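Trainee: Here are the chains, one letter per residue:
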Amino acid sequence: MSQELTRMLDTLTKDIAGAKVTLKRARRMRIDVDADALPALLELLQGRGSYVHLSAISCVDWIDDNQFELVYHVWSYESNSLVSAHTRIPRDPGVYLSIYDLYKPAAFFERDIHEMFGLYFEGSPSMEKFILTEWEGPPPMRKDFDAEAWVRDTFTERDYNPEWLKELTDAGGGIAIRPQDIRK
Amino acid sequence: MNQIVLIVVLPLLAAFLVPIVARMSASLGAALGPLVMGVCLWITGTVAIESAGNAFAINIGGFMPPLGITFFVDRLALLFAFLTALLVLVLWPFQGEHRPREHALTLILAAASGGLALSGDLFNIYVFYELVSVASFGLVATGRRSSAPAIRYLILSGFGSVLALVGIALVYTQTGTLNLAHLSQLAPTHLINPIGLAAFALILLGVGVKAELFPVNTWVPEVYATAPNRVSALLAGLVSKLAALVILRLLVLVFAQEQALLVMLLLGLLGVITGELAAWRAQDMNRMLAYSSIGQLGMVFVAFSIPGETGVFAGLAIALHHLVVKPALFLLAARWGGALSGLAGAAGGNLPAALLFTLFALSLVGVPPLPGFWAKLLLVMGLAEQVGPLYHFALAGILIATVVEANYLFRIVSTLFHRDSPASPAPQKHSGGDIATAGLFGASLIAAVLLLIPLSQSLKTIAQQTADAAAYRAVVTLAPTTSTLGDTQ
Amino acid sequence: MIKDIPIIAEQAQQPRRTNPLAHVFDELMNFARSRSLFMLHYCTGCGAIELPPAMTSRFDMERLGIQPMVTPRQADILLVTGYVSIKTLKRIILTYEQMGSPKHVIGICSCTVNGGMYWQSYATAKKLDEYLPVDLYIAGCMPRPEAVISGLQKLIDNIKHGKSDNWKDYYQRYDHYLGNQQHLFGNNWQTPTDVIGEAREYGLFGPQTLGQHTELLESVQKPLQPLEMKL
Amino acid sequence: MTPLDYLLLLSLLTVVIALVAGHRSMGGVWLTFTYAAQLGGLMLMAGLTNQPDVITSSLSFTILGQSLTWRYDALSWYFALITISAGLLSTMYTAGDWGEKFRADGGNLWLLHVAIALNVLSMLILLGSGDLLTLFIGWELVSWASFLLMILAGGPSIQAAIRYITYAMGGAMAILAGLALIYGHTDSFTYPAAANILHSLSTAHLWAPLLLLTLGFGVKMALLPLHLWQAAAYAHTPGPGAAFLGAISSRMGLYALIVVLIQLVGLVRVIELPVLFSFISARDVLAWVAAFTIIFPTFTALRQNDARMLLAWHGIGQGGYMLLGLVMGDALGSAGGLMHVFNHATYQAALFFSVAAVVYRTGTADLNRLGGLVARMPLSFLAMLVGIIGLAGLPPMNGFVSKWLVYRSLMLEGEPLLFVAAVVGTLGTILSVYKLIHNMFLGQLRVEHENIREAPWSMTAPMLILSVVVFVTGLMPGLVLQWIAGIQATVGLPVIDYSLGGLDSAQGSLDMLWVVGVLFAGFGIGAVLFYSGGRTHRVHQLDNYAGGHFLSADIRYHYSDNFYPGLMRLIGPLYRYSFAWLESAVQSGLGLLSLSTQGFYRRVAPANYALVTAVLVLLWVML
Amino acid sequence: MDALHILIELTLMPLVAFVVGLFMVLMMRRIAARIQRRVGPPLLQPLYDILKLYGKQTQISHGILHDIGIIMAVGGYIAAETMLPVPGMNGIADKAGLITLAYVLMVPSLGLALGVGQCANPNGSIGISRALTAMLAYDIPFVIVIFGVAWQAGSNNLVDIIALQQVDGIASWGIVQTPLLAFAGLFALHAILGKHPFEIYIAPAEIATGPMVEMGGKYLGGLFVMQCFQLYTAGVIYTSLFLGGGENWLTFLVKSFAVVAVPICIAYLFPRFRTEDVVRLVWKWPVMLGLIGIAFVMN
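Each protein sequence line maps, in turn, to chains A, B, C, D and E. Numbered by our numbering, the letters in the first sequence go through residues 1 to 184 in order. Numbered by our numbering, the letters in the second sequence go through residues 1 to 489 in order. Numbered by our numbering, the letters in the third sequence go through residues 1 to 231 in order. Numbered by our numbering, the letters in the fourth sequence go through residues 1 to 623 in order. Numbered by our numbering, the letters in the fifth sequence go through residues 1 to 299 in order.
Incorrect hints may appear among the rest.
[Stated by the list, open to error] With a straight-line cut-off of 30 angstroms between C-alpha atoms, the simulated DSBU-like cross-links for lysine-lysine are:
{"#": "1", "chain 1": "C", "residue 1": "87", "chain 2": "A", "residue 2": "143"}
{"#": "2", "chain 1": "C", "residue 1": "163", "chain 2": "C", "residue 2": "127"}
{"#": "3", "chain 1": "A", "residue 1": "166", "chain 2": "A", "residue 2": "104"}
{"#": "4", "chain 1": "C", "residue 1": "127", "chain 2": "A", "residue 2": "166"}
{"#": "5", "chain 1": "A", "residue 1": "129", "chain 2": "C", "residue 2": "160"}
{"#": "6", "chain 1": "A", "residue 1": "24", "chain 2": "A", "residue 2": "14"}
{"#": "7", "chain 1": "A", "residue 1": "166", "chain 2": "C", "residue 2": "222"}
{"#": "8", "chain 1": "C", "residue 1": "87", "chain 2": "A", "residue 2": "104"}
Keep in mind that the hints were calculated from the coordinates and are not lab data. Since we're looking at a predicted model, the values are computed, not measured.
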């Protein structure tokens, strides 16, 4: 079954340059594809491969590679299988195409990704604030955003050194942070 | 007092003179007709004063009835002669297209109408009736759109004449006389039978054509809608009443029998109901007025079908009221043709006309204290006094018809006064003459309210005199031979 | 487990009324207050799940005169049961300000104390008492019903002895709280409740009721005047 | 010259002044004074309420053999009092700023003044009718005067007025037929003759005139199923005109019914009169008609979204209480029914005034476009509050007393179902009037109404006067009951044993002085309790619980549309079977008939008819 | 002397009502607790609640009508209590009668409705809309019962009705004489109390306690006082109509508490009905039984 699926996908993507189909698990395939070929791939998947349901779009910040990885999870109700289309785009300028015209639910996912990663999707119906209506800072899920530093800047810490804890610490117990865990 | 004959003769003469005179001098030709009618008016007035309410008979050429031509002059006849002259004068076609012809026809109509009011024998009545037909046919045909309706009118009218003639013939075969007084003497013995009744029915249907009696009135809406409004006013106001007057005379003097009354009642009631119902859905004002006229005339017939003086009283009251109101309404309708919805807001430019219309509508519906109410009250009282389900049925029919009448009339009134309608092309203003004439009618209506008590009394006297067949017989001195013939049979 | 948070500012302690009758009356009212606590449990996080057991047959809060209520107008205690995201905090402040004084705030779960397991999240407020005068924290992740009830009893004791007047602190140091709120929510922050007006009405002014933050508030706020009847 | 002549002359003078000066800005003020003079003239006749006496007018005619006379007795006096007062207050209301605005908006103020003056005059004439003919004449005058008042606003009122006049003419013709039947038996229109003949008629013969007259007068009272015209006709009349109509106009039907049913036929006879082929009596029929008149219009009012329509529908419903009380025929019921006429006039006028004031300020009476006005128009609110308490029939207002009398009578007469029907009506009224006051005056004030002000004094004064009357006559119903007792003595009903506070009876008395006193003492204690609590702080209306949501002025935080969804889910489907189908059926039937008769007249070959008829007649004659 | 006497009565009757009402509220909460296997509140809990609410230091008002609403709600009940005869005191019962009482009892609801309206909170308005609908439902069986009892007694004076029932013991009680009416009355009483399953107009989780949504401090305190009066009134009316009133204070109180206990015991076993279901239910069974009861009475 899975073999058939892979074969089917291979056939489907043979025209798309650089598309690589991998079987992750039963009924779970991964396709790596170039950024400029992704819309074509999704169109094929939706139109000919019966992957009509966009489950989610996820984003990974590969800060070391200076790339965002976008993963489009599409589901087929006919073959009951999930295809994750992986593509990578440069972090800078962080602009990509919207697939709103293929999958309407993409609007929400893209808006969310825009809010969390600062990635801009051209053609998406709305790039307004979505959930973080109060948030003024940088996109919080980017790896170059240091949440802890932000928290330290924004909030004060509570010093909590009651007597009973002191006794425990003196006795060698209590909360201890290993030296390598302490962030500068 | 014999000069009363002149009211028939003079207009007739003038009618023949008018074309000639008009050829010589247009203005004189135009003035001749009104002048003659004025003279008639004056004659009638003097005769009325001289006779002081007493009836008298005139035998034309000195021949005694039943052989000669008899004019019978009582209060009713004088009243109608007077009203004829007055109405013709008031509704004189000052601005017609073919003036001499119209004037001549109008004069003939006046003469014939006067004759109808005065005639004392059936044959003359038939002759004058025919004359009226001819004149009115001519007048109707002067309208631009009225040729087809006029022909229908002619056919129906002719058919009616035939029926009436057959009826008269039947009467003659039964009695050998056509003098009303004589017939009145002979009726109890000769005409209270199926043949007499048949004669009555035929005459009723025949004369009924003019009187807008139920089944023979189908010409009415079309003719009134297309004829010049002054002609419609004359026909609806005057001619129909004269025809009704003839029927009244016959009913009182000759055919005073139950079945005859019954036929009248039925046909009258049908007239009321169909007329008012048809008017309810009428789409233009002239037709609506025509249908309404049918209804009102039906009411007159219902009233006449009440035996005795009450019925005459009520019928006369309704007829006179209608005679005042309907011509005025037709005059007002002159510039309010076309679809009723087009009249929205017409009161804006024409407030007097709209107010007059409202007044007449109120009176027509019978709102106290306007005369229409009292006339209707008389009818209601008369019907209520009668026993028999048919009379009560008629009462119900008339009252329901009144409701329908109120609805459609006041739908129009509200349309007239509708203020915030989209700007439709404003209807033309009425000519001053029409408004003035209608105003005259309105004023007379108001005057009637103020003079209600004396008016009602004099009308009651007229009704008494009219309903008294014996007095009629007493006035007309019959030739001895025929009277003995009547006695012996 | 349960520790008092000391009142942050020294309060302008109201002088005890000298009239013995008034004293008795005050004591009576304090007692009645302590025995009748209507709570509004603002279910922000996981701690809310521990409240139903505390209310129902096993533990039965009603023994202590504690009843759940649904609107802030009726409530005396605001129970904040779990992490407080910044968005939620706005609603909590709105709700708190709509409650009638004397009112008490109880922070339940560690998250309200110092952020708990969300200590480094950009989305949650860490210390509730920076924004609202918290009377009592019930720490734990999550505290069990016994702990909740024990905490409530502690609060009852405090109220009975007239020691739980933190709500006055909100009026008296409004500028401080407002400053913290503005720090988090931006300069346009405004609640529909006119706290300064209330403080003025009830004579609850303190030295820090007004300050630079309230000035900022007054410069941006939309009108809050009640609708007076006009003839 | 008798006092009645003075009164009628004064009324005529009012009409003349309205005609001459109605368009002037001071015209309204002068008219107000003339109405006051009329009231004074009426007070000259106040002695009528003490003894069963009659004041005749020196005006009388004899037309067509019938004499027309006019006279006043206690009944006429009572109704005239309400009529003139309604005219007075309506004109007072119109005289000031309302009239100016009405004129500025393109209304015909002159016509409004004339119409109200004509209405008052015609009603006074009707109330003075001394025989059946004058009754009918007065009736017609009243009908057409109301028609004038209804139609003068133009616009949607025209449809309503036409509908009204059709119903009214139908009613008038039914009356005329009834009178004709009586006349057919007596040849006279005088009351004694009519009473004689009505007493001697057999049951079967009595039914026809009775039915016709009741139907005819019932149209004006808007008894079911002849009620469809009223609400729209009244509601679309301009403000004070609607108040006037709502206060008194349809009560003329009740007056005439009292004259016919009680004075002429005698209530005892009506009570015993059996319905043919059944086991119920005429009273049962009337009482159930009244009961349905209470219920259906009241629940129709519940669905209205226009304040004026809502009030107008209630006006119909309240008419049912009057008739219901009257046909019970005992002292309590008839007193309740009669007193309700006064009470209804007072609170209904106050309500219409209040609504008109709101329309004056806001330009709408749509219940979904108002709200929160109590902060801006407190006096109008007060008038409406008093009015709705009266309308709903709750203590301490006068509406309670009259309804109490009706309830009590129904209890004593042993009519449980009617009693329940009456209570259902009251409960429906409470629901509906709460919706009215809530949607207009309570709840959220809309942004666009932030800056409106209270209506001017010329408008608030009449409503406050009425509010005071509503309260005072609720506190001391004896003031009105003394007139009622006079009427009962005059028309031959059992006389109520009243006291200043209400009623003394062994089977349960009512003393409003005590009830109201205790109620207000209760309020006093409540107030003491309330104000002994902590100080209150007034807050902005947006400082409101919304589940933590931040409210802003542009968010409509107000509950107005479909106010009783639960109830409507249950009884909503029943509204589909309304009486409108009856009317439309009659209308389309008439249309069909009309079409066919027109078809008859459109035939091309008319002579055929003549021929056919001639042949038919001849056949009939021969056979 | 007479005036003084009646003044004392008028003062005492509401006071008694309030105190008894407090205990009725306590009983209600205790019963509810016991049904749910809880301990329930202490003895003076209702009093504590009221004291605390009146003693709130900041209270918000939405306008004068908000205040007047509460005053009317409490004051109306205070007035109504003087029309309910208790052993030894008749108050103004013979000047008002049953119908008046029934209508005076609507005044507090109206006052409350006005106050809630001024709050400009739709939850409150929705609550009032439902409460009024419920009133439309339960008042019909209630007036049927009133009619039946008044007809049976030949008077609508509560004093007479009570006296008639005390003529010969239990046999002359309304509940024995007219059991159907008594049952319909109990049904109506349950609905009047507005406890489950008829408490859709409160619906805490849905419309945030409806009419009470903006009521805090002494406003809510006033409503708590009103609840005391309400329970008392309901219990005493029913006792007077069907249980022969009170021969003495002991039996009077026992009967009244017993009457209130019945619906409460039933109430906490049920979830709640929707509005239209309340109307449908109440218009069906108690109305039917009441009418049958009247049919029996009137024969």
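Trainee: I'd like to know which numbered hints this structure contradicts. Please list them from smallest to largest.
Mentor: Hints 3, 5 and 7 contradicted; others consistent.
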